[in-house]
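First to last, the protein sequences are chains A, B and C. Position 172 of the first sequence, counting from 1, maps to 172 under full-length UniProt numbering, and the rest follow consecutively. Position 126 of the second sequence, counting from 1, maps to 126 under full-length UniProt numbering, and the rest follow consecutively. Position 95 of the third sequence, counting from 1, maps to 95 under full-length UniProt numbering, and the rest follow consecutively.
Read the hints as simulated data drawn from the structure, not as lab findings. Be aware that one or more of the hints could be misleading.
It does not matter which identical chain is used: a pair holds within one copy or between any two.
[What the hints assert, rightly or not] Simulated crosslink set (DSS-like; lysine-lysine; CA at most 30 Å straight-line):
| no. | residue 1 | residue 2 |
| --- | --- | --- |
| 1 | 84 | 306 |
| 2 | 336 | 292 |
| 3 | 84 | 33 |
| 4 | 220 | 320 |
Fair warning: this is a prediction, and the values are worked out from it, not measured in the lab.
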Amino acid sequence: MAAAPPEAPAGAAAARRLARGCWSAFWDYETPKVIVVRNRRLGVVYRAVQLLILLYFVWYVFVVQKSYQDSETGPESSVITKVKGITASRHKVWDVEEYVKPPEGGSVFSIITRIEVTPFQTLGKCPESIKVHSATCHSDSDCVAGELDMLGNGLRTGRCVPYYFGTSKTCEVSGWCPVEDGASVSQFLGKMAPNFTILIKNSIHYPKFQFSKGNLASRKDDYLKRCTFDHVSDPYCPIFKLGFIVEQAGENFTELAHRGGVIGAIINWDCDLDLSASECNPKYSFRRLDPKHVPASSGYNFRFAKYYKINGTTTRTLIKAYGIRIDVIVHGQAGKFSLIPTIINLATALTSIGVGSFLCDWILLTFMNKNKVYSHKKFDKMVAAPASGLAQQDSTPADPRGLAQL
Amino acid sequence: MAAAPPEAPAGAAAARRLARGCWSAFWDYETPKVIVVRNRRLGVVYRAVQLLILLYFVWYVFVVQKSYQDSETGPESSVITKVKGITASRHKVWDVEEYVKPPEGGSVFSIITRIEVTPFQTLGKCPESIKVHSATCHSDSDCVAGELDMLGNGLRTGRCVPYYFGTSKTCEVSGWCPVEDGASVSQFLGKMAPNFTILIKNSIHYPKFQFSKGNLASRKDDYLKRCTFDHVSDPYCPIFKLGFIVEQAGENFTELAHRGGVIGAIINWDCDLDLSASECNPKYSFRRLDPKHVPASSGYNFRFAKYYKINGTTTRTLIKAYGIRIDVIVHGQAGKFSLIPTIINLATALTSIGVGSFLCDWILLTFMNKNKVYSHKKFDKMVAAPASGLAQQDSTPADPRGLAQL
Amino acid sequence: MAAAPPEAPAGAAAARRLARGCWSAFWDYETPKVIVVRNRRLGVVYRAVQLLILLYFVWYVFVVQKSYQDSETGPESSVITKVKGITASRHKVWDVEEYVKPPEGGSVFSIITRIEVTPFQTLGKCPESIKVHSATCHSDSDCVAGELDMLGNGLRTGRCVPYYFGTSKTCEVSGWCPVEDGASVSQFLGKMAPNFTILIKNSIHYPKFQFSKGNLASRKDDYLKRCTFDHVSDPYCPIFKLGFIVEQAGENFTELAHRGGVIGAIINWDCDLDLSASECNPKYSFRRLDPKHVPASSGYNFRFAKYYKINGTTTRTLIKAYGIRIDVIVHGQAGKFSLIPTIINLATALTSIGVGSFLCDWILLTFMNKNKVYSHKKFDKMVAAPASGLAQQDSTPADPRGLAQL
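The task is simple: from the sequences and hints, build the whole structure.
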């Protein structure tokens, strides 16, 4: 009972002393002890390695790859297109309303260059197309009534009737008659098509950087009524001749106009937003998008019809349209200075330079003649038992040590 | 005046000496002094920590996550679609031109499976639909002339007239008459719809890697006329049966055909461009895109009309079309080896391994019995006053030191 | 011959000894020797630098920039739109079918607010528009037969005929007659347009995180039939009044309705997927997308026609439609915790903190009065010749050393 009181204060004092020790120790400054080796050959290797690493980072990472920038791909984009021009087939003049589908002026539209017209179709009975698999017949027994061929033109009636022309016979179907293959007439609209002009208005917005830009010259005069695109003299006049587009895509216009095809008009907005906005310009390129070498499904065509009522009965003119479809594709990448990627790459640079010293350690300890001396200086041995704590030679492989220092 | 001349050369000499000193010092090689602890337990911990960290990086970061690759998402894509097939309602045969809207074969199109037809609408006067809020009336006083209900069908004339059927009365409107709800007839086209075939041509381009690919087998024969898609046997035959698509999306065809709906056909191009191009294949998946469980606005339908002139007066057939809309959505990600992410991850790996040594320091100084001896060896004390520069024990917390070394 | 046998075992023994040495050395633990400087001023600088760096990483990198997250931009998105409303021009009531093009309810659609109608056009001969360059003439000699002006309306016949009105004369063309400029009548549909309601259904999917969400309230009642959008009270009722959209875009409705224009409805899905799905909400914003200050091509319009057959001859009603095109643009970014970016940023943080010690070294050796003493303690000199291995003062620049330690 008499000893306890003095003890408690003693414990408290010890704790206080320890705390004070930690606190003061916290404010100590620590720095690794370094061994300086006065060896010109080694020094040169050492600096050369560091120089190489520095060069790689300064030149390739920061200058070429612009790794100090935060980037954003896929800008918000809006495309407005307008086609102008007029063409003539053998019997008829065609205007924009007739050869551009759909008419709304979106980013995907087709310019019809050839049509196969089947006029005066009505719902009735007529011979099936001879192209349809299993349509040819010799007697009614070859035709199953009520059969519906997915690739045919109607519901089989069960009768076998003579074809529109020639001597062969095909099964009769009920549907829109006459069928396309039996009565269609081809017309070529493409004669003047290379001269059609296409205006492509495009405005983009990079939300991350709050940056917007359009591809139209903002001039008060009616410059845009007269100009045509030229990537040198008129980069901000996005009015293209159809012939120019097809040529840029490396296609033959006549062949394309006959079989149809899809051409991509790619607008590329690669912008370094650390520079002024005027440095961020659209680049246009054109590419054939549909597979031209696949025989089974090359070319581009679609069907539409105009419906009439002629004294009570519904009649339609079916049109199979071959054309050039233009897909306007907008992509781009914007970059702007940002702290985080910069610091990540700087830290990587510093770490990489540190690797240089590891390499030199290895040379130091392996190749140089008196490495025993160096390692003696560098390594301070102590074994678990304090007694045997005195230094002794060894040849520890450099690898794990090098890593441990990084 | 006499002292100055000798001083100047002296200063110059000192500067020269200093410069020479710096220059030679620059070529010195420096390496940290290291203490080697002969302690098997500690060594095992030390290596084990390093091994774990190495495994994480080699296996997870580089093998699983492929962090050595630069990647690009959202390829440029172009989609061309073509539907084939024929179907029949009770009285009529329908072909592609009639049930596919829009016809141009873009990435979004609808296949009409059910229609509500309101034939012979003309501009005139007729009873408002009974479904319209506040359209029912008992006397003319209930109908305000000139009122235009946003959800109604026309301009109120102020008269209260008997409804098309039944005994109730509604306000008369001037507009397209008769109104849809009064006279529409429903027709179901969907009977054969599951057998419709849909060809989806898709070609993509990764601009960053200059890599393009299509989803069509490039065979010279007419393979693509006969095949249907099978992800095992025919992955490059992108011809899908509508029934297959709906089934893959986990929907009931009949129910979908009646109320309409939107199904996404997602084409996924995940490519490792370090491998050969033949390893980069499209994956197809199908998903219902419209909210099916929201009663107020489930299903998919739209209205269009065909306009006729019947002896002078304009007539239209209004069609409310329910259908299956297919949205072809293309996305993907391409990766290719690139130096910068590789080096960043390597540097991170080295730094992380270094953390291992800090952990061991801490164990060394905290848990091991004779840490006093270690810390004595490791720490070389010197106080601000050179006099008290001799070593003395302490228990500096390891943390700040560990960091300072990295 | 006698000496060889004993040698071989000796060599083997040496090799065995070396191997054993390496192996035991592999299990040694190494830690750099550190010099502790009892200097409060230096310690404070040292800790302050570390604190600043720590703060930057904890607060800016991890809290503000969320660098511990893996992110994905550009979700898969599907948009379904539906316009409701009815309007009246001077003589006529217009319903949705007539003023919305295209009708399918996709992400891009136009609401027609003004039209210029050219009724009863037939293929024939009539005066060219006076607006066409070089169309005005005084005698037939001014008109070249067979000429086709790209911006004109037809094929020149070679005759010079009086214009539709006034006294001037223009070249006769064969094409759709009468030409638009001669006979069109303007009608304004926009009176009630601000009250049209637009339902925008949008569902997105982030494939990397397998996260899907829609912008519709999933309520069982018919809430969506009654509500209109309010970003506070009804954020999940995506039904917008056209007037609200135009106002939000900062445009004047009347002026926009007359000249036409394109407005982007941008839906932004920025989601932190570490939080619950209910925290990931769409944000709506509206912006004018077409260049309004470019006189030559401002506004938005397109042409379409309705075709009739009137006792045999094809007639069309050409409609030049001015309208408000709505482009629904969906973008977004999702972020979710991921190990790799976290570890990269942690490693960067550690490396950066290490830079603090280099700064302090530099202060230590440059500014502090008795730096000679410090550098003596810190640097252990040894020259190539072991003889001159004893320590001597120098003033090595701190830089390379600082780097070498990292």
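Hints, one by one, checked against the model:
no. : hint        : verdict
1   : 84 <-> 306  : both (23 Å within a copy, 20 Å between copies)
2   : 336 <-> 292 : between (40 Å within a copy, 28 Å between copies)
3   : 84 <-> 33   : neither (79 Å within a copy, 80 Å between copies)
4   : 220 <-> 320 : between (43 Å within a copy, 25 Å between copies)
The structure shown violates just one earlier hint, number 3.
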